[in-house]
Amino acid sequence: MKTQRRVSAAVVALLLGGAGIAMAASPAQAAEATFKVKCVPPAGGGDPVEGETTAKITAPASAKVGDEVDVSWETVKPASNNTDLMDIPKDAVQPTGWITVGGGGGELKVVGEKKNPPIPKKAPMQMSTMKGKLKLTKAGKITLTPGKYDVAVSFSFGTFVTKCAPVGEVKGGATIDVAAGTSGGTTDGGATKGGTTSGTTAGNTTGNTTAGGGGQTDFPGKPVEVAFDCGPVVPGGIKTPVTISAKKNGGSYDLTVKTAKGAMAAPMALPAGALKPSMNVKLGGADSGTVKVSGPANAEPIPDKAPVSLNDMTGTYKPGKTGKVTLSPDQLTIDVTMAPGATPINVPCKATSSGVSLELDTTAQAGGSGSPSTTGATTASGGLAETGAEDEGGIKALALVAGTVILLGGAVFTFTPWRRLRGTR
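Residue numbers (mature numbering (1 follows the signal peptide of the UniProt record, and there is no 0)): -24 to -1, 1 to 401.
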């Protein structure tokens, strides 16, 4: 009997001890917060937009000083769906967030895996759960409130980041009850991998074609190599030969601008009417300003990986000065429309290195001269330019259009930059 009592006592003690251990290990608890944020798309991606998202913060309910606890941020409700323009590929999206640690704890950085299923058009956006570790350094109640976050997407032609931050106060989040214990330590929220891309373009062109007076009416220009700076989305920029020719029409000149033909491959299937080019022709010498030329969109669909050419761009130059006037390629712009009735995406590329393609001997006309020179955006979102067969810039350029469509249409990831889509949520 005594042996049985001792065994029973031991079992009770073990059970109580086990219960005590179980009670000491605090289970994770989750709390949601719904708040408004303002998102800034990548360079050239349009104006900042606002929307509402719901975040679930998970952390232990209790711990002690010196513990290192796991904290996670799950995006329960993104602010919008993917757009109707393009599917988002698998494992392309990586989120990074910063959780405000109340009680003087600063910020905790949490990082998600680059892991997502394919996201079809109009489907809800999906991001992985962001995770980090928090070292507790003092006793008391610690609040964990979601704050700013970044969403990065990687493609073969670059990584693009949209930055979002709360608008107003964020209410809600998790709380950890920290008991006294070993002190010391720091806050570490993990690490994120990625990179920035940068590049410059350089080049120069010498020589030009001079068109004099007399009975001549056709003035062919010469090809000049133009370097376009499209911002960080196209490392190294783009180089392409551009030719400006003119045909005298009364006192004015009908301009035609040509780029290299068939030198790039489509990175995806493009519908008819997807690519509409335009360019500024810069005037120099006796006259100044710019003349805008534009071309029609592609008339036929372009299959995936098929050669792509921009249509010739045309416009009219009416001289405002008498003398020798130079004409040089300047900023190139592509309007990208991926669906009938969709708002075009404006993709500018600034010409950082150009040259004179044509020189005309002009006579001033009433009301003539090009438009005043304009300064392009301080940050360019990219562009599309033809290149010679030896140059990979064309492939990069068209890939940029694909990337821009993805970025502007879906890769702000929890937001679409087009206000027209807000009603489709």
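Please note that the accuracy of each hint is not assured.
To be verified - List time: in silico BS3-like cross-link candidates among lysine-lysine, alpha-carbon distance up to 30 Å:
1. K147 - K12
2. K147 - K53
3. K66 - K111
4. K85 - K124
5. K40 - K124
6. K281 - K224
7. K124 - K97
8. K117 - K66
9. K124 - K224
10. K114 - K66
11. K40 - K66
12. K114 - K90
13. K97 - K32
14. K91 - K117
15. K32 - K111
16. K53 - K111
17. K111 - K98
18. K97 - K117
19. K14 - K114
20. K147 - K234
21. K198 - K268
22. K111 - K90
23. K40 - K139
24. K237 - K281
25. K53 - K139
26. K234 - K223
27. K147 - K91
What the hints assert, rightly or not - Okay, the calculated beta carbon distance ranges per label pair:
28. E8 - T319: 52 to 58 Å
29. A342 - G317: 39 to 45 Å
30. E276 - K14: 55 to 61 Å
31. K147 - S264: 30 to 36 Å
32. A141 - G299: 38 to 44 Å
33. E276 - T319: 19 to 25 Å
34. G144 - P247: 37 to 43 Å
35. D63 - T292: 17 to 23 Å
36. D230 - T319: 28 to 34 Å
37. T339 - S270: 22 to 28 Å
38. A37 - T10: 18 to 24 Å
39. T319 - A342: 22 to 28 Å
Everything labelled a hint here was simulated from the structure, so no lab data went into it.
A virtual CB, placed ideally from N, CA and C, is assigned to each residue, including glycine.
Hint check for S264 and K147 - Cβ pair distance inside 30 to 36 Å | Roughly 57 Å apart at Cβ, these two residues miss the hinted range, so it is violated.
Within 30 Å, alpha carbon to alpha carbon, are K114 and K66?
-> Not OK: K114 and K66 at ~42 Å, beyond 30 Å, violated.
Would you check the hint for K198 and K268, treating anything up to 30 Å between C-alpha atoms as holding?
-> holds, 19 Å
With a cut-off of 30 Å on the C-alpha distance, tell me whether K147 and K91 pass.
-> holds, 28 Å
Holds or violated: K111 to K98, with C-alpha atoms at most 30 Å apart | violated, 40 Å
Satisfaction of hint between K117 and K97, Cα-Cα up to 30 Å | violated, 43 Å
Are the Cα positions of K237 and K281 separated by 30 Å at most?
-> Holds, at about 15 Å.
Taking the CB of A342 and the CB of G317, does the distance hold inside 39 to 45 Å?
-> holds, 41 Å
Below or equal to 30 Å on CA atoms is what counts here, so check K40 against K66.
-> violated, 40 Å
Hint consistency between K124 and K224 [alpha-carbon to alpha-carbon, up to 30 Å] | It is violated: about 58 Å lies between the C-alpha atoms, which goes past 30 Å.
Would you check the hint for K40 and K139, treating anything up to 30 Å between C-alpha atoms as holding?
-> This hinted pair is violated, its Cα atoms lying about 34 Å apart.
When you check the alpha-carbon spacing of K97 and K32, does it fall within 30 Å?
-> Measuring from Cα to Cα gives roughly 25 Å; hence the hint holds.
Violated hints, listed in ascending order, are 3, 6, 8, 9, 10, 11, 12, 14, 17, 18, 19, 20, 23, 28, 30, 31, 32, 35, 39; each of the other numbered hints is respected by the structure.
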